[in-house]
Amino acid sequence: MLRFLLKRLALTIPTFVALMFVTFVAIRMVPGDPVEVRTGERGISPERLAQFRHELGLDQPVWKQFADYAWGLLHGDFGTSVVTNERVLTEFLQLFPATLELAFFAMVFAILIGIPAGVMAALKRGSVFDQTLMGLSLTGFSMPIFWWGLLLIMLVSERLGWTPVSGRIDLIKFYFEPVTGFMLIDALLSDQAGAFKSAFHHLMLPMIVLGTVPLATLARMTRSSMLEVLSEDYVRTAYAKGLSPFRVIGLHALRNALIPVVTIIGLQVGSLMAGAVLTETIFSWPGVGKWLIESIGRRDYPALQGGILLISSIVIVVNLTVDMLYGFINPRIRHGQ
Amino acid sequence: MASDPQILSAGAVEAVQAPPTPLAAFWASFCENRGAVMGLVLLSLIIFVAVFAEFVSPYSPVEQFRDFTKLPPVWVEGGNWHYLLGTDALGRDTLTRLIFGARVSLFIGLTVMVVSVILGVALGLAAAALGGLVDVMIMRIMDLILSVPGLVLAILIVAVMGPSLTNTIVAVTAVFLPRYVRLVRASALSELGRDYVTSARVAGAGPLRLMVLTVLPNCLAPLIVQAALGVSEAILEAAALGFLGLGAQPPVAEWGAMLADSREFIRSNPWIVTLPGLAILVTVISINLFGDGLRDALDPKLKRS
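Chains as they are written, first to last, in my numbering: chain A, 1 to 337; chain B, 1 to 305.
In case anyone wonders, no lab produced these hints; they're calculated from the structure.
Some clues are possibly wrong.
Stated by the list, open to error - With beta-carbon atoms standing in for the labels, derived distance ranges:
1. B:Ile224 x A:Phe176: 49 to 59 Å
2. A:Asn85 x B:Arg263: 29 to 39 Å
3. B:Val37 x A:Lys173: 47 to 57 Å
4. B:Ile224 x A:Val262: 27 to 37 Å
Claimed, not checked - Rough simulated footprint, nothing fancy, chain A against chain B, three-plus residues with beta-carbon under 8 Å:
5. 131 to 144
6. 234 to 248
7. 264 to 275
By construction, the Cβ of each residue, glycine as well, lies at the ideal position given by its N, Cα and C atoms.
Can you make the complete structure from the sequences, with help from the hints?
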């Protein structure tokens, strides 16, 4: 197990280095001079220009620039935004809790509905419920979520007036310093009446939109995994020795059926991040996805570079953890090693 | 035992009746799946409309009818029979733009698929055949691409290269390439150990012939399924880029970009928002239905329970 762990860890190091290199090169291929972006494109004296170049380290040889960049990264320096002059890591960490909250609740939403629905569909294979669910799952899976978001805004926010259109909380009524960064928890801690309700209303639509594709995937996966398990000998044995269906399904079948499903949940992190970019853009959710898109508009390439590097690092680490946990929850793999 | 010649011949016919050709067997199995047939029919319709867009659509996609802006579809109050699905903010006919949008989306989806299949086969076979350093290099690069969330990688590429239709295709291809390479490499590796490959090698087949003519045909089934489903994913991804303003640029009628343009009318003119998204959804669903049917018919091993 330890060897497997170390090997997997060692394999991620070249990926990190390559990722550093690629983002470094990519940003240098962007048309337009970063110095000009920073100073505005008006006429500027050559001395000032040279000074800016020096400040940004752009007068150094390229290999030196890369070495400095890599050295900075190792010390937690992901560059400085050319627009806000703020450290990229600082900006990212300020915005990331919003994305984390959104992604977390989207996943909770998907799990709470997707897994029971998948189990039910497997138990009633071929029924109307099963067929409807599979149809819905196909639709969810094929859904352009940016359109789904707009549709929900039109129906739920505009037509019915149930939820607000954008943001995380009603900023006119409520203000409090972030404690955890999770608006729901902060709202509870703030002791302001109605704050939690407002935060929850703001979260609802984005959560549903981001959770739709994982929900469809989970329902499908759970169903097929459950069907496979239900035909196993040990399930027949469990029935044969007189256990109640509830015990057989809940204890014997479900636990085994969920092993592949748990892996799928872990591997959704990448697509959740991609989905967050779209969801945050639609709902003006102040997270890292919206910030990334805005950085492109502002030609803030250090922010883009650092942001992509940070997001990818998170995905790599989570996937690695899922790999490790998989061995933990699936003894067959552990003992096979 | 001089029996009736007629009966004999009838029996003989029955005995030598050929088994169904692979194609016929595939078709029969495909047709068992009602959803797949429905997907195929819908998809054929969309392809037909896209190919013959100039003849099918009533107007030009960029023609502006300034007196008839933001019309709803004909079945809604205020609709106009001249503009069946209404018009957008500039008075362009929505039906026409949807039809031309189908052409753009299918073009993106198919180009991405073809390019990634070709590159995927080349790189995957090279990795499997050459092994060693080449294999490690190729697979490390693919791992690298996979470590960046798809849309985020596409955004980076488009940000670097500038937004355009071509760069959308490049970006989306880069995102989907790794899965083709991995798939081809994995199935080629498993085929390479088989006896028929060894015998071909013994018979003197060169490495190129061995990989392309002997091994590749036996890796095709999962590749075709992946390719079909890859088209729908590419369309979704490209539409997302278009929606973010990073795809095809105006005035090209692209579904994602049409949606982005319509966002400000979400309150006043819901139809302008609804229709392009519906077009994306229907296209993607029909391709997915078709792809699932292909999977079940071509590759029983992958069949979903």
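Hint check results:
In this structure the hint that Ile224 of chain B and Phe176 of chain A lie 49 to 59 Å apart at CB holds, the actual value being about 56 Å. For the hinted restraint 29 to 39 Å between Asn85 of chain A and Arg263 of chain B, the CB-CB distance of approximately 31 Å keeps it satisfied. One distance hint, 47 to 57 Å for the beta-carbon pair Val37 of chain B and Lys173 of chain A, holds here, with the actual separation near 55 Å. A C-beta distance of roughly 31 Å is found between Ile224 of chain B and Val262 of chain A, which places it inside the suggested range of 27 to 37 Å.
Against chain A, the segment 131 to 144 of chain B contributes 4 residues with a C-beta closer than 8 Å to a partner C-beta. That satisfies the three-residue criterion, and the hint holds. Counting residues of the segment 234 to 248 of chain B whose beta-carbon sits less than 8 Å from any beta-carbon of chain A gives 6, enough to reach three: the coverage restraint holds. Counting residues of the segment 264 to 275 of chain B whose CB lies closer than 8 Å to any CB of chain A gives 5, which reaches the minimum of 3, so the coverage claim holds.
The structure meets every hint from the earlier list without exception.
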